[in-house]
Amino acid sequence: MTRTASPRVAAYAALAALGLLGALALRRPELVVLSAPFALALTLGLRLAREPRLGISLTVDRERALERDEVAVELDVSSEAPVERLELMLVVPDGLEVSEGENPVAIRLGRDDDRTVAFTLRCVHWGNYTLGDIRLRARDRFGLVAWERRPDRTTHLRVYPHPDALRRLVTPVATQPFTGNEVARQKGEGLEFADLRTFAPGDRVRSINWRASARRNELIVNERHPERNTDVIVFLDTFAEARLGGRSTLDLAVGAASTIASRYLERRDRVGVVSFGGLLRWLVPGTGLAQRYRIVDSLLETAVVFNYAWKDVSIIPARTLPPQALVIAVTPLLDERSVSALLDLRARGYDLVVVEISPVPFAKPGRSELDRVAHRLWLLHRQELRSRYESLGVAVATYGDDVALEAVLEGVRSFRRHARRARA
Amino acid sequence: MLAGAIAGWLALAADDELVRWANAVAGVLACVLLAAGLTLRRPVAVPLAVLALGAGYGVSLGVEGGAIDTRAPALAAALFLLAELAYWSLELREAVADEPGAYLRRVGLLSALALGALAVGAGLLAVVDAGERGGVALEALGAFAAVAALAIVALATRRQPR
Chain A
6 MTRTASPRVA
16 AYAALAALGL
26 LGALALRRPE
36 LVVLSAPFAL
46 ALTLGLRLAR
56 EPRLGISLTV
66 DRERALERDE
76 VAVELDVSSE
86 APVERLELML
96 VVPDGLEVSE
106 GENPVAIRLG
116 RDDDRTVAFT
126 LRCVHWGNYT
136 LGDIRLRARD
146 RFGLVAWERR
156 PDRTTHLRVY
166 PHPDALRRLV
176 TPVATQPFTG
186 NEVARQKGEG
196 LEFADLRTFA
206 PGDRVRSINW
216 RASARRNELI
226 VNERHPERNT
236 DVIVFLDTFA
246 EARLGGRSTL
256 DLAVGAASTI
266 ASRYLERRDR
276 VGVVSFGGLL
286 RWLVPGTGLA
296 QRYRIVDSLL
306 ETAVVFNYAW
316 KDVSIIPART
326 LPPQALVIAV
336 TPLLDERSVS
346 ALLDLRARGY
356 DLVVVEISPV
366 PFAKPGRSEL
376 DRVAHRLWLL
386 HRQELRSRYE
396 SLGVAVATYG
406 DDVALEAVLE
416 GVRSFRRHAR
426 RARA
Chain B
3 MLAGAIAGWL
13 ALAADDELVR
23 WANAVAGVLA
33 CVLLAAGLTL
43 RRPVAVPLAV
53 LALGAGYGVS
63 LGVEGGAIDT
73 RAPALAAALF
83 LLAELAYWSL
93 ELREAVADEP
103 GAYLRRVGLL
113 SALALGALAV
123 GAGLLAVVDA
133 GERGGVALEA
143 LGAFAAVAAL
153 AIVALATRRQ
163 PR
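Protein chains in written order, with our numbering: chain A, 6 to 429; chain B, 3 to 164.
These are computed hints drawn from the structure, not numbers from a lab.
Warning: the hint list may mix true and false statements.
Residues from chain A that face chain B, not an exhaustive set, calculated with beta carbons under 10 Å [stated by the list, open to error]:
# : residue
1 : P12
2 : L26
3 : G27
4 : V37
5 : A46
6 : L47
7 : F147
Idealized CB from N, CA, C, for every residue including glycine.
Only chain A is shown next, with the shape it has when bound in the complex (with noise of 0.2 Å):
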């Protein structure tokens, strides 16, 4: 422990000095008297301090929670000298606050003492942190000495996106040949009914329609769609991002895509991540609960990574980007290298959806004259960008901090059924 003297012991030194001098020139006693306390505070303070022999140790009572969730903290703090004063601190990340209890704390402990000081965190910002660094600073009786710790006691605690409410997904056009919970275009075993058409030897009798059959005077029977998995891929923009005091598209972006997945993966669809920017990061496409973890959790790890060099689709591994899947990019469409990315994407074939973090309120419009026109002209630019998506029929829907989730899909499916009937 590193020991320091407070401001006091210089202080009653000096009052003691100069009370003593004070009466050596004065050759007043009673200037001896108004220096005494100060001088006796010092010695007795000085002799009776003694170094505390502290134990510490931190429990998080879980390692990983949702946004807006709250975690629960305890510092259990031993001695085996008593400490008068004992001021704890547990350094909270940038993320996490307080709700509930003292952080920093002043504790009195007794001899062979062991109390446990109580706290609870909540979890404000997703992220992967790191809690465990303290901050401990004992004092003695008279206030004259203090000693100070930095104990380590890593404990690492992951802070998941709160999923929003979604009751309905995006429908691929083309499902996987896997049972599922999408009703497949393709005719087949299934529930929901397709067409009536006539027997074939083969065919079994359950799917047989009577009340057809007795119209035609032969035997119809009954086809039906099959339920099929998809294969869905959450491509996430880490070019660039826009931010505006603690909010970023980025955090959008990663609640969206965490959202997204995790309900695609409730209907036991395959659900792949490719994080397409400086760092490209990805996951192959994968089921249950597992894969949600996995997701998630590089989710957790996404960064905007500075970096120059020009990148496309080219370089994503294949078995990343199944044929017939459908690939939600979720983006801010800032950089050109992700933007004709997707471009690409949508000439392979891909089923393709756009969800864009929307970076203008991130981005207000300067003061002059030549700043408001440049805001204009960009937010023209964007409008011209959407439109050439909408051309090639990939709908692109606005997502923001005051829309919700479901209400952006919504305007995905309604621009899909649009997109449809026009071809048809």
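Based on these hints, arrange chain B on the given structure of chain A.
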């Protein structure tokens, strides 16, 4: 408030006009220093304020002279209490929450220290009064105490990283 009360007490009890003014000025200076120190979180203001009040008392001793002043132990206890309370105020400005009962313990400790200061001062005055003629012995004691105080400062401010 305590600084003002001490200065007011010394000023009102003085017979000489100069002493009255000196204590009034010392009181105002001490109050200003303490207010500034507490506002700006400068602990150095505390000993300066105590020094100002002590200097005012020294002026009254030097000008008025006379027999041993029996107010000295009470004044010593008050000045010590003033310094402790000022440092406590500075500590309270730190964002560290105290557990319940800490204030009561602190008040108890400060009361005990003030009473102890009063008792020590009274004891010292009694010794001086009994001996009356300190002479060279008193000077030697004072010089030794001053050197010892400086030695304590040097020892206490030395950091001991471990």
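Do the hints match the structure? See the list:
Taken as an interface hint, A:P12 checks out: its beta carbon lies about 4 Å from the nearest beta carbon of chain B, inside 10 Å. Checking A:L26 against chain B: minimum C-beta separation of about 6 Å stays under 10 Å; hint holds. Evaluation of the A:G27 hint against chain B yields a held restraint, the C-beta minimum of about 6 Å falling below 10 Å. For A:V37, the interface hint holds, since its Cβ comes within 10 Å of a Cβ in chain B; the closest pair sits about 6 Å apart.
Interface hint at A:A46: satisfied, since its Cβ lies 7 Å from the closest Cβ of chain B, which is below the 10 Å cut-off. Against a cut-off of 10 Å between C-beta atoms, the interface hint on A:L47 holds, since the closest Cβ of chain B lies about 6 Å away. Among the interface hints, the one on A:F147 holds; its C-beta lies about 8 Å from the nearest C-beta in chain B, closer than the 10 Å criterion.
The structure is consistent with each of the numbered hints, conforming to all of them.
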